[in-house]
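Participant: Protein chains in written order, with numbering that gives the first Met the number 0: chain V, 0 to 657; chain S, 0 to 657.
It is worth saying that the hints were derived from the structure and are not from the lab.
Treat the hints with caution; some may be incorrect.
Which copy is meant is left open, because identical chains are indistinguishable; a pair holds if it fits in one copy or across any two.
[What the hints assert, rightly or not] Only pairs whose alpha carbons sit at most 30 Å apart, straight line, appear in this in silico DSSO-like list of lysine-lysine: (1) K22 x K303; (2) K303 x K108; (3) K498 x K626; (4) K408 x K583; (5) K303 x K628; (6) K108 x K628; (7) K513 x K633; (8) K626 x K302; (9) K587 x K231.
Nothing here was measured: the structure is a model prediction, and the numbers come from that model.
Number of protein chains: 2
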Amino acid sequence: MTLSTREHQNSRQVRIQDGFWNKYMELVRSTVIPYQWDALNDRIPDAEPSRAIKNFRIAAGLEEGEFWGFIFQDSDVAKWLEAVGYSLANHPDSELEQTADEVIDLIAKAQHENGYLNTYFTIKEPGKEWTNLNDAHELYCAGHMMEAAVAYYESTGKRKLLDVMCKFADHIDSVFGPEPGKLKGYDGHQEIELALVKLYRATGEERYLKLSQYFIDERGAKPHFLVEEWEKRGRTSHWAKGPSPSPDLQYNQSHLPVREQSVAVGHSVRAVYMYTAMADLARLSGDQGLLEACRRLWDNTTKKQMYITGGIGSTHHGEAFSFDYDLPNDTIYAETCASIGLIFFANRMLQLEAKSEYADVLERALYNNVIGSMSLDGKQYFYVNPLEVWPEASERNPSRRHVKAVRQKWFGCSCCPPNVARLLSSLNDYIYTVSADRNTVYTHLFIGSEAQLELQGGKIALKQQSSLPWNNHVKFEVNPETDGIFTLALRIPAWCEGKAEMKLNGLPFDYSVKDGYALIERQWAKGDVIEWKPELQTQLITARPEVRANAGKTAIVRGPLVYCLEAVDNGSPLTVVSILRDTKLDAKFDDGLLGGAVVIEGEGRAEDSAVWSGSEDLYRPLASAGKSKPVQLKAVPYYLWGNREQGEMIVWIRTASE
Amino acid sequence: MTLSTREHQNSRQVRIQDGFWNKYMELVRSTVIPYQWDALNDRIPDAEPSRAIKNFRIAAGLEEGEFWGFIFQDSDVAKWLEAVGYSLANHPDSELEQTADEVIDLIAKAQHENGYLNTYFTIKEPGKEWTNLNDAHELYCAGHMMEAAVAYYESTGKRKLLDVMCKFADHIDSVFGPEPGKLKGYDGHQEIELALVKLYRATGEERYLKLSQYFIDERGAKPHFLVEEWEKRGRTSHWAKGPSPSPDLQYNQSHLPVREQSVAVGHSVRAVYMYTAMADLARLSGDQGLLEACRRLWDNTTKKQMYITGGIGSTHHGEAFSFDYDLPNDTIYAETCASIGLIFFANRMLQLEAKSEYADVLERALYNNVIGSMSLDGKQYFYVNPLEVWPEASERNPSRRHVKAVRQKWFGCSCCPPNVARLLSSLNDYIYTVSADRNTVYTHLFIGSEAQLELQGGKIALKQQSSLPWNNHVKFEVNPETDGIFTLALRIPAWCEGKAEMKLNGLPFDYSVKDGYALIERQWAKGDVIEWKPELQTQLITARPEVRANAGKTAIVRGPLVYCLEAVDNGSPLTVVSILRDTKLDAKFDDGLLGGAVVIEGEGRAEDSAVWSGSEDLYRPLASAGKSKPVQLKAVPYYLWGNREQGEMIVWIRTASE
């Protein structure tokens with residue numbers, strides 16, 4: 000187990016230097032983190048107030064006042080602090096560090112003598128701690144603060160928040176567990192399970208790992224803890240007055256023991272956070288049953304319930320999965336946090352077993368759903384990430400009201416923006432993993448970076464240069480401290496369909512392939528250079544026939560990027576256009592588009608709207624509807640949509656044969 | 000005004016004798032009315048209880064007990080009685096009449112001394128009458144009972160219920176009106192406005208007409224009555240505990256004075272019931288402003304917000320209109336009652352001005368949405384009438400949960416089944432109108448029937464034979480009491496695109512056309528025969544480009560019938576098929592299909608699902624997805640869908656060019 004711990008710490012010695020990603024890292028540092036700090040302090044005009052910091056001040060006894068916000072408001076502070084932790088590792092900033100230290104002091108002051116920490120219960124319902132795990136998010140908030148503590152400790156070396164959270168973890172350990180007198184339960188919103196694994200990694204304290212394992216193992220056991228708790232509470236809920244129905248166990252994946260689960264159900268963020276912890280524990284314990292469950296849930300999530308953008312969650316009712324192949328584009332949910340959770344899950348599966356399909360999904364979610372959720376200036380966010388938007392319907396058809404046509408400044412329930420910040424500022428953690436025997440370095444993402452890795456044969460420096468997503472030139476410079484044998488494994492992205500050229504020190508190199516990775520096992524010497532060119536094709540993609548929503552439609556994809564049509568480029572209604580099945584797709588870099596991006600043009604058809612003008616007919620014979628006309632379609636990367644003027648957008652485009 | 004009254008009474012002397020419709024009339028008489036009687040008395044196993052009769056027994060003091068059901072439960076009894084009234088006119092039935100008489104005795108016993116009648120307020124909230132017009136449906140229930148009273152009186156000549164309802168109307172007239180001390184208000188659910196017009200017609204009492212006019216004129220006036228009432232009530236609602244938000248005035252169309260309304264908004268049944276009364280009043284008063292509003296609202300409803308099946312209401316949130324051209328097929332509402340109300344509205348517009356477009360819509364709603372809502376055995380009903388059903392999504396995606404894949408036995412809120420019964424049993428009222436000068440007989444529907452009509456020049460008997468919807472042979476035998484000049488006007492259905500042949504006594508006849516009617520003005524003699532053949536084409540129909548939901552899709556229509564594809568005939572997923580734009584469509588009568596119906600076959604394409612089998616790919620390059628294969632598609636009339644096995648259904652089919 001020590002090995003895994005070290006392995007992770009090694010792989011964190013990565014600094015991103017990348018043409019595409021640097022601006023995101025910098026945006027998070029210079030804009031998102033300060034902006035969110037203002038938001039947490041209610042200093043954003045016209046945005047919904049957060050009061051998350053104020054809650055801590057009240058709980059710490061520094062101010063009088065009422066609790067404000069959602070019961071899980073504390074977690075916004077935690078996620079912000081976690082992002083700050085990662086950001087400081089990449090880019091020291093004494094002013095920011097001082098602000099963070101002050102927040103940490105405040106948090107420490109809000110902690111109870113026994114270690115308990117939660118501003119809602121401290122301010123609003125003292126004495127009611129641990130009486131409503133189903134709704135109250137106590138362990139969820141604890142988990143996020145543990146993640147923050149680990150991130151901050153690992154980047155700054157400062158232990159204060161880590162100590163606070165260890166004390167809280169010790170308290171939780173005294174409250175929950177199989178021993179007589181303890182609560183045999185778990186949280187209504189999974190999160191602490193993965194956080195305790197991190198806390199274990201940072202501290203080496205095995206009790207934290209054991210506690211995580213306990214929460215995972217206990218989940219879904221009969222009699223159902225959350226139902227018994229609800230009975231004990233008098234059948235009430237935090238969310239409604241009066242009697243409330245029995246908890247929906249599928250909603251938080253406590254309907255079955257986790258090892259018996261095969262289908263992704265319920266609230267999608269809860270699901271992927273749980274799967275992430277399951278994968279962590281499968282890796283650390285070698286538990287085969289848990290591993291098999293992880294694989295089944297991965298397959299169901301990504302092969303039956305995932306949008307092409309890496310979004311998951313088909314319905315806003317319960318922000319949830321619905322069922323296999325139900326992927327409506329217009330009433331979609333695809334919450335930003337859910338895709339981030341999917342990235343966590345993929346990352347942990349890669350730590351378990353290096354198979355490129357995990358990284359393919361990780362990359363898909365990252366380059367599309369996740370960065371698309373944020374405006375280019377880092378100040379506005381989508382919570383829901385649709386694949387089809389008709390702004391008027393978003394406003395006027397209640398079934399689509401959750402689908403916003405423009406990004407919002409801040410949300411009352413603002414889980415997503417700080418989640419984006421913490422992911423992007425820790426992106427360096429997602430590029431490489433090192434095998435358990437420390438003989439193989441896997442490259443999952445092609446992101447320019449400089450890594451220091453400790454392998455079995457010694458330390459190596461690995462410099463990656465990448466021109467993705469616009470071009471396919473990737474170059475690795477390998478510098479082992481001492482010459483030694485190890486394997487460099489490069490992911491062969493699914494999008495290149497196996498067409499990837501490699502050169503070693505300028506000469507073509509015939510690599511072997513395993514589980515989707517190109518393997519180069521050799522005696523490396525200082526200055527060895529690998530050039531890597533996975534073919535960056537622009538392709539039309541289709542969905543399985545079972546996906547009713549995409550019948551007769553196609554999506555444009557180029558490398559990791561999914562494309563979309565926007566009304567600003569292609570007119571309105573967007574649905575009058577179709578794309579020729581066999582069109583040539585021209586990809587060219589457009590300097591002028593939102594900081595520069597490759598746009599794709601292809602030949603399509605547009606229905607003749609003119610034949611309808613001057614008529615009020617709603618329906619008429621097809622024969623009289625006129626011939627469609629040739630039209631040039633212009634697609635832009637999905638992640639850039641909605642950054643110009645408000646208008647319609649579609650990812651899935653009707654196909655035409657002629 | 001007397002003229003209009005007489006005119007209507009004349010046009011009611013129509014008896015249906017029709018190959019297609021007789022079975023519906025008979026079904027209503029022999030099955031639906033008895034079945035619904037059992038339902039009202041809670042004798043249907045496994046169906047939601049109604050207790051509507053029991054409520055009256057309790058209110059009448061014949062039983063002890065609590066009120067049960069919706070606050071508008073009384074209206075189910077009223078609609079049933081109204082259907083019984085119509086049915087007895089067509090088919091005397093002493094046993095049924097005795098049952099109805101007993102119900103009427105019961106209703107009379109439940110009436111208060113002052114005329115007030117409503118079981119909810121009598122049993123549950125005595126003293127609170129008229130304090131919550133917004134929610135309580137008191138005038139709505141009164142309106143339905145007035146309609147029942149008129150129908151029962153006109154068919155049986157029995158005045159008891161009519162007297163009860165006149166007494167109630169007199170009471171209402173003493174409570175509402177512009178005079179000091181009266182409530183300056185109107186109901187939250189329009190209905191009484193059209194009912195009072197009927198009561199006026201049956202009794203000649205102008206006060207009832209004036210009261211209807213008052214309700215219509217007052218609606219939308221400022222300050223808003225329903226808001227002031229809500230303030231006075233302490234800002235509460237019948238539907239929720241605690242403080243409730245201010246009433247949504249658009250929901251019940253009280254946001255603007257009716258003469259200023261141009262767009263159909265809010266709850267669709269409320270809307271069309273109101274428009275019906277507006278058209279009644281515009282006819283009776285000659286009010287041009289009201290007529291213009293009716294025309295605008297007609298245009299908006301039918302040319303921008305109507306499904307091809309005659310369904311209206313795009314969203315289940317508030318059972319409401321959403322906005323122009325928003326006609327989703329899968330999350331649709333298209334409530335049965337709304338289409339019935341649309342038929343009322345069309346009927347009143349035809350009485351105002353004979354333009355075939357009104358009858359085209361009437362026919363469309365009748366032959367598709369309305370009869371499609373009922374199972375062939377008359378015992379199960381759709382409340383929501385979708386144009387696209389994926390049964391698994393109806394069960395497992397909450398956004399589609401309101402869309403049932405199978406008809407239901409009875410509903411807690413069971414407005415639709417008795418509404419179907421009263422419409423079908425009064426269908427004879429919708430075939431003809433006579434012009435205000437009584438010189439023209441308009442034929443709106445081609446339904447075999449025998450009519451006795453009183454014209455300016457004397458009485459005539461008109462016998463219509465029709466083989467619609469399967470064939471296009473329509474024949475009229477005209478028998479004037481004395482030879483005389485009048486005009487017979489036959490609707491030229493929009494679906495024949497002006498291609499309609501006429502013969503007079505066996506010889507081709509060159510008719511003139513006005514407002515969509517073929518006019519035959521002549522000196523008629525006994526035994527004159529008109530043969531009429533509007534071309535019954537099978538066509539592919541397309542929707543305006545603004546209707547995003549139908550982009551690239553087509554619907555099959557033959558005459559008044561819209562067709563659909565069902566999985567039982569075409570496999571699943573249904574969405575893999577498309578239909579060739581230029582396919583020949585074969586229409587042939589299939590004896591074996593659910594009592595016999597014309598089915599339509601055409602050539603289509605089916606995507607090659609086989610290329611996906613053995614693979615778990617959710618997405619793949621279009622180029623590798625395989626060629627589509629020729630397939631023969633079989634479409635059945637929409638109104639018959641869901642009468643075989645449960646499965647997918649679509650009305651709008653993707654088109655293919657090759």
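Participant: Does each hint fit the structure? Answer for all of them.
Facilitator: Tested hints:
{"no.": "1", "hint": "K22 x K303", "result": "neither (34 Å within a copy, 47 Å between copies)"}
{"no.": "2", "hint": "K303 x K108", "result": "neither (47 Å within a copy, 62 Å between copies)"}
{"no.": "3", "hint": "K498 x K626", "result": "between (40 Å within a copy, 24 Å between copies)"}
{"no.": "4", "hint": "K408 x K583", "result": "neither (39 Å within a copy, 55 Å between copies)"}
{"no.": "5", "hint": "K303 x K628", "result": "between (36 Å within a copy, 25 Å between copies)"}
{"no.": "6", "hint": "K108 x K628", "result": "neither (69 Å within a copy, 71 Å between copies)"}
{"no.": "7", "hint": "K513 x K633", "result": "neither (38 Å within a copy, 49 Å between copies)"}
{"no.": "8", "hint": "K626 x K302", "result": "between (38 Å within a copy, 23 Å between copies)"}
{"no.": "9", "hint": "K587 x K231", "result": "neither (64 Å within a copy, 66 Å between copies)"}
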